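Position chain B relative to chain A; hints supplied.
Next come the chains, spelled out residue by residue.
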Amino acid sequence: MAAERALLSVRDLSGPRVDPDRLRDVSFDLPQGGLLHVHGPSGSGKTTLLRLLARLAPSASGEVWLDGAPMASFPAPEWRRRVALVFQEPSVLEATVRDELESPARLHGRTVDVEALLGSVGLDVGPERDPSRLSGGERKRLTIARSLAVDPDVVMLDEPTSSIDPERREEVHALVRRLVADGLGVLVVSHLVEDLEALPGPVLLLGAGRAVRSTTTEAFLAEAAP
Amino acid sequence: MSALPDLADRAASGLATLDYPALLFTFLAFAAMVAMARLVGLRMGREALIAAVRGTIQLLIVGLVFLAVVEEGSPYIIGLVFLVMVVAAGWTATATSRRTGLFPLASLVITVATALLVVPLVLLDLFETRPLFLIPVAGMVIGNAMNATALGLDRMERELAVTLPQTEARLALGYPERATVLPALRETVHAALLPTMNTLRTVGLVHLPGMMTGMLLAGADPLFAVEMQLVIILVILVAAFLASATMALVIRERFVRDLSAVGLDDWREKKE
Chain A
1 MAAERALLSV RDLSGPRVDP DRLRDVSFDL PQGGLLHVHG PSGSGKTTLL
51 RLLARLAPSA SGEVWLDGAP MASFPAPEWR RRVALVFQEP SVLEATVRDE
101 LESPARLHGR TVDVEALLGS VGLDVGPERD PSRLSGGERK RLTIARSLAV
151 DPDVVMLDEP TSSIDPERRE EVHALVRRLV ADGLGVLVVS HLVEDLEALP
201 GPVLLLGAGR AVRSTTTEAF LAEAAP
Chain B
227 MSALPDLADR AASGLATLDY PALLFTFLAF AAMVAMARLV GLRMGREALI
277 AAVRGTIQLL IVGLVFLAVV EEGSPYIIGL VFLVMVVAAG WTATATSRRT
327 GLFPLASLVI TVATALLVVP LVLLDLFETR PLFLIPVAGM VIGNAMNATA
377 LGLDRMEREL AVTLPQTEAR LALGYPERAT VLPALRETVH AALLPTMNTL
427 RTVGLVHLPG MMTGMLLAGA DPLFAVEMQL VIILVILVAA FLASATMALV
477 IRERFVRDLS AVGLDDWREK KE
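Protein chains in written order, with the numbering used here: chain A, 1 to 226; chain B, 227 to 498.
Pulled out of the complex, with its shape left as it was, chain A reads as follows (with noise of 0.2 angstroms):
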């Protein structure tokens, strides 16, 4: 399914570089229309590559290309908005619903349906609510929702479903599937066995800063099976 031009190209990255021990030589390739999972023990360096591939952090070494094209090449705005990261913590920008999606789109010279947005995560919501008073799962997808209104080529998901309850997971894994096959490339790192379940795909297994190796979800649930 997956098309085998690599979208996001990962080469020896080391960072940040303040403190390059904290992840060391991870490389991988990332392509058009396919699903990464990042997975390993807290500590093991899974959020500072999505900080570094989201240059919220300057690399200490290494590349990372995009289309082809290496990330010095972009302006930052711009490569941050086609790498987009969704936090594990939901921030609340704006006063309402429709402003959270609309302001970022609108930066970017975009218009978007804020109700097809909404319903694309399963986020059944009025336009005009204060996001501040929305539940944590709720803002969660709003926030998730807010990253494909800039229209990204890659999107970064850190921890998912941690926030939304067991029941409306399902519909993020739903979303996740139908951004892959829309053809953007989604890196998604998760402490959750279940996502590795509801998602197959590659695992990128990292350890103390370090890719350890690379398996596949239905190896590595095998091998994590009593």
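Source of the hints: derived by calculation from the structure; they are not laboratory data. Since the structure is predicted, the reported quantities are computational estimates derived from the model, not experimental observations. Among the clues, some could well be false.
[Claimed, not checked] Simulated pairs of lysine to any residue, SDA-like, Cα-Cα distance not exceeding 20 angstroms:
| no. | chain 1 | residue 1 | chain 2 | residue 2 |
| --- | --- | --- | --- | --- |
| 1 | B | K496 | B | Q392 |
| 2 | B | K496 | B | R325 |
| 3 | B | K496 | A | E89 |
| 4 | B | K496 | B | E383 |
| 5 | B | K496 | A | D19 |
| 6 | B | K496 | A | L56 |
| 7 | B | K496 | B | R478 |
| 8 | B | K496 | B | R480 |
| 9 | B | K496 | B | T389 |
[What the hints assert, rightly or not] If you want the ones that stay clear, here's a sample from chain A, every Cβ over 10 angstroms from chain B, calculated:
| no. | residue |
| --- | --- |
| 10 | S9 |
| 11 | R24 |
| 12 | D25 |
| 13 | S61 |
| 14 | E128 |
| 15 | G183 |
| 16 | E223 |
| 17 | A225 |
Beta carbons: idealized from backbone N, C-alpha and C, even for Gly.
Chain B alone, transformed into the frame defined by chain A:
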């Protein structure tokens, strides 16, 4: 710069004209305050004594400086007085900041903010160029610019730390880097201007400011005293705006520089 013999004479004979019983009364009132504070368990004797002695010494020095200025009228001495003022103001404004290299910058910001407003008023003949007049007027503006600088610095650092998750969320959505901290910048300037804004709102209602009181006590025309006070308050407000906004912009540039050079670890809220 011409010396003013009548003022010099008065200053020289100043010690003889001091009202010693009145001074004694104020020191007794001060001692009574320390004693009363002790009654409610507030042991501020040592602290209050140090502050009082320090204030007395500083005021005595200022008195001597004025004596010299009035007697000599030398532009060098006046320049030295201004230099000491802005250096002390810059030092005080940046003393509690974690960031380095801000002290000379703060002194410069305070100097420019003060000069931008005081010099035109001198040129427009509203302020006299007599040092006895110019130094206290500039001192008021410098003092308020100092407070605004300190508030701008402290508040901007705190706002950036508290709103870092939102700032990073905006960054991740592709907002231009300087635009991501606009809310912190707005909040900072607003907070730094609040004390002066409150003074402007309540002036005449709650308190008669020192300069106006001084002019009235010296027998000046009340309307002229009002005019001068209004000018001073507005000048202080504008100087406070310039100083706090400039400091906030300086901090913003450091933030943006760190984002691409070393990352934002140093800007996170410190959990102590």
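Legend entry - Hints that the structure is at odds with (numbers, increasing): none
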